[in-house]
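Novice: Following the hints, put chain Y with the ligands in place on chain V, whose structure we already have.
Listed below, chain by chain, are the residues.
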Amino acid sequence: MPAYTLTVNGERRTVEAAEDTPLLWVIRDLLNLTGTKYGCGAGLCRACTVHLDGEASFSCQIPIAAVGAKRVTTIEGLSPDRSHPLQQAWIEEDVPQCGYCQPGQIMSAAALLARTPAPSDDQIDDWMKTNLCRCGTYNRIRSAIQRAAAARADAKVGTRSDAHDEEPSHG
Amino acid sequence: MAEPIDHANAAPAPADAQTTRPATAASPDLRRRDFLQISGGVGIGLIVAFALPFAATREAAAGPEAAGDAAAARATGAMPASELNAFLRIEPDGSVVCSIPKSEMGQGVLTSLAMLLAEELEVDWSKIRSEHAIANEARYGRWRTGGSSSVRETHDAYRRAGATARTLLVAAAAERWQVAAETCRADRGTVVHAASGRRLAYAELAERAAKLSPPAEPALKPRSKFSLIGKDLRRLDTPAKVDGSAVFGLDVRVPGMLVAQVERPPDLGGQLASFDAKAALAVPGVVAVFEIPRGVAIVAKHFWAAQSGRKKLAIRWTPGPHGALDNEAIRKLCTAAVEKGAPVRTEGDVARAVASAGPKRTLEAVYDFPFLAHATLEPMNCTAKVDASGCELWVPTQSPTAAADAAAKILGIPADRVRVNTTLLGGGFGRRGDSDFVEDAVHIAKQMKAPVQVVYTREDDMRAGLYRPTGTNLMRGAVDAEGWPVVWEQRIASQSLLREKGWPTKDGIDFAAVEGVKNLPYAIPNVFVSWADVVLPVSIHWWRSVGSSQNGWVTECFFDELCRLGGKDPLAARKHLLKDHPRHVRVLEKAASEAGFGKPLPKGHALGIAVHESFGSIVAETAEVSLDADGTPRVHRVVCVVDCGEVVHPAGVRHQMESGITMGLSAALWGEVAIEKGRIVTTNYDRYPIARIDQTPRIETFIIAEGDAMGGIGEPGTPPIAPAICNALLALTGKPIRRLPIGRVTHMT
Ligand code: FES
Ligand code: FES
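Sequence order for the protein chains is V and Y. When you line the first sequence up against this note's numbering, it's residues 2 to 172, in that order. When you line the second sequence up against this note's numbering, it's residues -13 to 735, in that order.
By construction, these hints were calculated from the structure, which means they are not laboratory data. No false leads were slipped in.
With a straight-line cut-off of 25 Å between C-alpha atoms, the simulated DMTMM-like cross-links for lysine to aspartate or glutamate are: (1) Y:Lys565 to Y:Glu468; (2) Y:Lys264 to V:Glu20; (3) Y:Lys113 to Y:Glu77; (4) Y:Lys287 to V:Glu12; (5) Y:Lys432 to Y:Asp262; (6) Y:Lys287 to V:Asp21.
Coverage of chain V stretches by chain Y, computed from C-beta distances (three or more under 8 Å per stretch; other residues unrestricted): (7) 33 to 42; (8) 140 to 154.
Just so it is clear, CB atoms sit at the ideal spot from N, CA and C, and this is done for glycine as well.
So that you can see chain V by itself, here it is in the shape it has in the complex (with noise of 0.2 Å):
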C-alpha cells in the first residue's frame, strides 16, 4: 500500500493507505483524531468538514492521493485549548444537543468567519446550509456566529496564523 505524508494540525504523519481511501477515514482511523465525524460519507451532512489550506472541505469525498501537500485543519487543531472565538461563542450560546454535528458546523463557520468577518444572518444561512443538524440546533448556531464575528471585530482579530490565513471556500 503506498505511504503517504500529511501535514495534519501543524504534524507531519506519514501513513499507508490505499489510494482511494477518504480523508475522512485517515484521520478517524489511522491517525485517531476522531473529532471529524462520519454522518453520511457522500457528500450530504458536512459532519467531516476540515480545513485543507482553510477551505472547509468534505473530508469523505476527498481520497487520500488527492490531499498532497494541502495542510490539514481538524476540530481538535482548531485552537489548543477552546479558545477559538467559536468554540467560546458555542460553550456562551449553549448550541450542541446531541453534539454530533458540532465539529463540522464549528469548522464550516471558522471558514466562514475567516472569509466573511462579519456575515449577516442571510450569508450565514447561505454558507451554512449544508451541514446538517439532525438536533435543529440551527437558531443558536446563528446567534453563535453572530457573537463569534462580534467578539471578534471587539478584539480586532485579525491575525491568526492558524488555519484561516488564507482565503476559504466552500471544497
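Specialist: The following block gives chain Y with the ligands in isolation, referenced to the frame of chain V:
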C-alpha cells in the same frame, strides 16, 4: 426483543433503592476493567476513562468479595474517590462526579439530573462533573431512556441521593468535631460549625462519610431555597462537544479493535443463499468474512477496508416474498383495514348526529401518514469484546440493560457478565432503544475473539427498518346549525407497535396508536374512534412522540377543516371547545398573542395554530408560512408555548422544544421512507431530507411552569408543528393537506 422504552406502561426505575440495595458483585476480571483507561489519542490526546464508582456503596454490604476487590484497588492506588452513593462520588480535589443512569442523547440529561443532585448536595456548579453510570440493574433498575421520562420519573430520587450525601458529610464533620450534627450545616462544598467557625471541605470528609449509615429519609431543601433548580445553567457536556473530544460510539478505540460492516438482504424478507468471500478477503486490511443472523459480516482493520471488501463480496440472496410491495400498496392495505377496527371511544350517537346534520354540514376525509426514519446523525454502531470472563460493550444506547440482555442471550451467559459502557449518543429519538446493532456486534466479536466495532453505514442505518409506523385515518365530522363541531369520527388503521414489540395490549387496543385521539380534549358530543391493526413486513419502532407524532397532526388538521365547514375561527373554536381544559386554553392564548394572531401579516403569509398534549405536557405552536414560487412551503417563524409543570433546566426545555419542532418540521415537509418492489430504497439524506439552517424558522419558546405535575420535554414539542404548518397552508390556499409529507421537493443542492 426491543426494550420497551415507552411511557405509559414503563414502570419507573426503582431509583431510590440505591442506598439500600447492595450491588451484584461482578466477576473480579470485569472489576479490574473498571479501571481500564483506553488511550487512543494521537497528537491531541483522546482519553476515554471508564472509571467506575465502586460497585458496592458500602463494602461490607456487598460481601467479602467486593471488599477484597476494593482493598486491592486501594493497594494499587486506584481508589481516588469516595463514593457516597450510587450517584455521587467526591474526588480528592473536591470535585463531585455524578453517575447518571440515563443516556445523554442531546436532551441534556447529564446536566439536568446533575442539577438535582448538586442542588441538595450544596456544592458549587463549577465543581460538578457528570458521566454515564455503568449499567447495573441491581443498583439502578432497568435503564431506559425514553418516553420523555428521565427527569420526571426520577426527580425526587436524585434529590434524595444528593440530600443523603449531604447528610452523611455533615455527620462526618460533626463526628470529627464531636458536636451535634444539628449544629453544623453544609455550605458550598464544605461543612461549617457556626458556633466555633470551623469549616471542613467535602473532600476531607468524604472517605469517612462513605462509611456512615445513610439516613432513612433525608431532609430535602424547601423550594424557596433552590439555587440551581430552575436556573439556566450551562450544560456540562458542551466543552467536550466543541473541541472534538466528546466520545460518541463511533469514537471508541479499544486496543486491538477491528471494524465490521454487515451486508444485509436487499429485499424485505430476503435470505442469504450463498456468498463467495475470496475477492473481499484479498482486499488489504480485510480480516474475515462470515455469516451472522442479519447477513454477511465483513471484518477489517478499519472502516475503509471493510467498505472496500464489502464491495467485492459476491453474494446471492433469495428474493423476498413482497416483490410488489411499495408505499401505494401499503396505503391500500391500510385503507382496506380502516373500517374493521375495534372501538376505542364511543360517546353520543354519531350516526344520528350525522343524519341530522345532513351532507352539507358533514365532512369526510382520509388522512395518510408515512414511515419515518430517525436518521440520527451518528449511524448505529456498537463496540463489543467477548472473552472468557464475559462481554464488554461500548455503545450509544438508550437501553443499556436491554443491550446487556441481548448480548447475554447470544452468548448464553448471565446478563451481569456483560459490562455496558454507555457512550454519548449522536442522537436517539427512540431508535437507540433497540439493540439490533448490539446483537450484530456481539455475534461478530464472539467469532473474532477480538474487540469489534460494528458500524452501520448511513445506507445500512436508513434501510435497517425500525421506522415510525405508517397508517391511514378515515375521518368524518359534522357541524351543527351554528357551525360548532358536533361529530368526531376517526377510524384508524396502522401497524401496531405493541404487537411488534411483544407488549400486551389492553382490550386489543394499542395505546400508542390511539394516544392523542382517545383523549381528544374537545367538547364534541358525538365521538367514535376505532383502531385496526395492519400487519406489514416492515419493522417499526418508537419515534419521537410515538403515536402523537401522527395523531396530533390528524386531529388538529381535521379540527381546522371542521372549523372551515362551520365558518368558525380555528383559534376561537378551540378556546370554545376546550373550556374544561384551562391549561390548553392558556398555552393557546399565549401562543396566539406572541405570534400576532389578528394582526396584519406580510402579503402571501398565513398563520396556523395547533395544540397537543403528550407525555404530560401541553404544547401550542403557531407557524407563519408562505409558498415559494415553485410551491415549496416556507416556514418563517414558529412560536411555541409549553406547559410542562415544574422546570429543572429552562434552557434545556427551550432547546428540546426547538429540537422537537425542527424534527417535526422535517417530517411534515419531506419525511417518508420509500419502498419500491419490496425493498427500502431510501438510503441517505438526499432521499430523506432533514431541515437545513436556511429552511429552519425562527423559533421562540415560552414556558409556562406553574407547579403542575412535571411533564416530559423530549417529545411534546414535535406533534403540534405539522398541523400548525398544514393549518397555515389551509388558511393560505383553502386546500387541506391530508397526506404527509407535504411536498417532496428536491432541495439538496
Ligand atoms: S460524512 Fe462527509 S458529507 Fe456527510
Ligand atoms: S447537535 Fe445533534 S446532530 Fe447537531
